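**Student:** For the sequence shown, the UniProt record's numbering gives the first residue as 1, with consecutive numbering after it.
Among the hints, a few may not be true.
Estimated spans, in silico, between C-beta atoms of each pair [claimed, not checked]:
1. Q75 - S128: 57 to 63 Å
2. Q79 - T99: 57 to 63 Å
3. L150 - P127: 49 to 55 Å
4. P22 - K47: 46 to 52 Å
5. R98 - T126: 49 to 55 Å
No farther apart than 25 Å at their CA atoms in a straight line, the calculated lysine to any residue pairs in the SDA-like style are these [what the hints assert, rightly or not]:
6. K47 - L59
7. K74 - E64
8. K74 - H53
9. K139 - H125
Please keep in mind that the hints were generated in silico from the structure rather than gathered at the bench.
Being a predicted model, the structure only gives us computed values, none of them experimental.
In this text, a Cβ means the ideal position worked out from N, Cα and C, and glycines have one as well.
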Amino acid sequence: MFDFALSEMLLAAVVALVVLGPERLPQAARALGRMLGRIQRLAGSLKAELAQHADVADLRRMQETLAHTASELKQEMQQLRAGAMPDLPAWERLPPPRTPADFGIDTDEDGKHVPRPAPLPAGFHTPSLQQRARAGRRKMQPRVRIRPRLRVRKQAGGGSR
């Protein structure tokens with residue numbers, strides 16, 4: 001904010017020492033520091049309040065634009081509904097009923113539902129659940145690794161070294 005050089009600050013300190021004297025100079029410095037602190041807090045609170053008012057104004061503008069867009073969308077939806085839907089009763093607007101056969105489920109001679117097997121492409125093999133379970137158990141078993149044991153040959157003389 002203020003651009004003071006070191007020489008200017010030293011000159012101000014010497015003048016203050018001469019004018020106030022060594023007894024009142026520390027008190028004056030404390031009072032000046034308090035006053036500058038109050039001014040900085042006041043400026044900071046003023047900035048924060050102005051920023052808050054600016055944010056509120058932006059939010060109000062955004063709210064107005066959203067409300068306007070929402071009303072336009074509602075009008076368009078009402079126009080689409082009026083043009084697309086004839087005045088039919090609800091039971092006539094329902095989709096056609098579907099049977100289990102539509103979902104790939106057949107019925108056997110007892111009337112029980114049996115899933116229809118999916119066709120497999122030629123040359124494609126899928127393991128059964130039993131085969132998958134067996135493979136999973138095999139993976140879970142610890143592998144036994146045989147460590148080679150070194151043989152110590154007995155010396156021919158039978159004597160010790």
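**Student:** Each hint needs a verdict: does it hold in this structure or not?
**Tutor:** Against the structure, the hints come out as follows:
Separation of Q75 from S128 is about 59 Å and conforms to the stated range, judged on CB atoms against 57 to 63 Å. Take Q79 and T99: their Cβ atoms lie about 37 Å apart, and the range 57 to 63 Å is violated. The supplied range of 49 to 55 Å is broken by L150 and P127, whose beta-carbon atoms lie about 43 Å from each other. Distance hint for P22 and K47: a CB-CB separation of about 38 Å, inconsistent with the stated range 46 to 52 Å.
At about 28 Å, the beta-carbon gap between R98 and T126 misses the expected band of 49 to 55 Å. Straight-line distance between C-alpha atoms of K47 and L59 comes to about 18 Å, which keeps the hinted pair within the 25 Å bound. Pair hint K74 plus E64 holds up; C-alpha atoms about 15 Å apart against a cutoff of 25 Å. About 31 Å separates the Cα atoms of K74 and H53, which puts this hinted pair outside 25 Å; it is violated.
Between the alpha carbons of K139 and H125 the distance comes to roughly 21 Å, so the proposed pair stays at or under 25 Å and holds.
Of the numbered hints given earlier, the model fails hints 2, 3, 4, 5, 8; all others are met.
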